[in-house]
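**Q** Since the structure of chain A is already known, use the hints to place chain B on it.
Spelled out, the chains give:
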Amino acid sequence: MDFLRSIPTHMDFEGQARAENLSRIIVFLFGMVGLVWGYIIQQFSQTVYILAAGLALSILITVPPWPFYRLKSVKWQKARPDPDVADSKSKKKK
Amino acid sequence: MHTVISRLNSNVAYTSSVLGGLVFMCFLSTFFLDYTTHAQIGTVNVVVKHVSDYSASREKNDLGFLTFDLQADLNPLFNWNVKQLFLYLSAEYATPKNAVNQVVLWDKIIQRGENALLNYKSMNTKYYFWDDGNGLKNHQNVTLTLSWNVIPNAGNLPRVQAKGSHSFKFPAEYTTSRT
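One line per chain: the protein sequences are A and B, in this order. Each residue of the first sequence is one higher than the last, beginning at 0 in numbering that gives the first Met the number 0. Each residue of the second sequence is one higher than the last, beginning at 0 in numbering that gives the first Met the number 0.
Don't read these hints as lab results, they were simulated from the structure. Yeah, the Cβ is synthetic: ideal placement off N, Cα and C, and Gly gets one too. One or more of the hints may lead you astray.
What the hints assert, rightly or not - Cβ pair distances, simulated, as ranges:
1) A:ALA55 - B:GLY163: 46 to 52 Å
2) A:LEU70 - B:GLY20: 29 to 35 Å
3) A:ARG23 - B:THR2: 14 to 20 Å
4) A:ALA55 - B:TYR127: 51 to 57 Å
5) B:THR142 - A:TYR48: 41 to 47 Å
6) B:LYS96 - A:GLN42: 28 to 34 Å
7) A:GLN42 - B:GLN39: 26 to 32 Å
8) A:TYR48 - B:ASN155: 24 to 30 Å
9) A:ALA16 - B:VAL11: 58 to 64 Å
10) A:LEU70 - B:GLY112: 36 to 42 Å
If we strip away everything but chain B, and leave its shape as in the complex, we get:
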């Protein structure tokens, strides 16, 4: 501590230690919070086609199309340790081929400060709902759920599933016209 440089160094080093402690306190203050909330999901228009999936092979696979409604108030999830939420809507169903199929149909990033009161009507999906075979036609129980990743300033990266899901059926006939 006898020179200007050594005092400057010790000041900066001690401040960075304190900053680490503050970040840890911020993490602790939000670690035990519950990041679940309710979401209302519904489907409006559901059709299934039988077309070639050129990204996989030339065989024809089932391709589902749906429009959905989504209502959720995610404002309570934000606090001083949340930078953004990554939302994703996934469909889960079982087929004779696979016990569990999960397909992400839509996602969205909500940064802190942006509108977190979701109210979507007849939204199109962002991603294709491909089955790896013929499992979608006449499927009686496909479940849509909304989940999100909480991206914090510091701490763990929780993956949370919303309370509330929606199950729907695919029609028994393929649609051949453009919809």
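In isolation and in its complexed conformation, chain A is listed as follows:
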């Protein structure tokens, strides 16, 4: 269980943006190629199949949280001591 929890499943913010842009580009390009090919052979079903292939590729590339979407993780500042917590502690001491 600890091993499963240790697998990172998040994307950082830039990774999320890249994944979204990538999926848009892949699906759109496959759609355009499908449109041209379908028009050439006059079969709209081929256009739909090519678009579906684009969707499959896009899902494979952009849906799982691949490691290359985790290259620019957010650098958090160190936690500052909480003044409220300090106050309550001091009050308790009183």
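**A** Below, chain B without anything else, positioned relative to chain A:
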């Protein structure tokens, strides 16, 4: 976009939008095409009877019988936005009772990929040529025309009349024997 489910959802949603755009492009690419073409129609054998139309009433009405020839090449009508054609042969004539009478005598569905080069000789009609009275006997000008509906993947449903029609006369005497 921070979970697997939201990315999956956005992929599928965007793909369906793109599919809608592609369908619209397919529609646009065929919207301005002309779906008319020529058809040659002829009649071979024409008779008229005077018999009871039990589907309407017990009165005797005129019933026309005809066999027709039909030649048309409909292959040019098919493209990537045409699933099938619905052809129908209709007769149009005027009688003292009605200014316009239209009767569909025959129809046919041609799906894409099927033979669209029509060459029929002495075909029987599929449907009865009833007049709602005695208008067919000795009628001098009945016009046969071929029309079709274009059934597309996406877009409008044009109804087109072929160029070329055929006019014929009904005989002046009723036929009483079986023909």
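**Q** Take the hints in turn and mark each one as holding or not.
**A** Comparing the hints with the structure gives:
1. A:ALA55 - B:GLY163: 46 to 52 Å: At roughly 50 Å between Cβ atoms, GLY163 (chain B) and ALA55 (chain A) fall inside 46 to 52 Å, so the hint holds.
2. A:LEU70 - B:GLY20: 29 to 35 Å: holds, 33 Å
3. A:ARG23 - B:THR2: 14 to 20 Å: About 18 Å separates the Cβ atoms of ARG23 (chain A) and THR2 (chain B), which means 14 to 20 Å holds.
4. A:ALA55 - B:TYR127: 51 to 57 Å: holds, 54 Å
5. B:THR142 - A:TYR48: 41 to 47 Å: Since the Cβ atoms of THR142 (chain B) and TYR48 (chain A) sit about 46 Å apart, the hinted range of 41 to 47 Å holds.
6. B:LYS96 - A:GLN42: 28 to 34 Å: Violated - the Cβ-Cβ distance for LYS96 (chain B) and GLN42 (chain A), about 50 Å, lies outside 28 to 34 Å.
7. A:GLN42 - B:GLN39: 26 to 32 Å: holds, 31 Å
8. A:TYR48 - B:ASN155: 24 to 30 Å: holds, 25 Å
9. A:ALA16 - B:VAL11: 58 to 64 Å: violated, 19 Å
10. A:LEU70 - B:GLY112: 36 to 42 Å: violated, 52 Å
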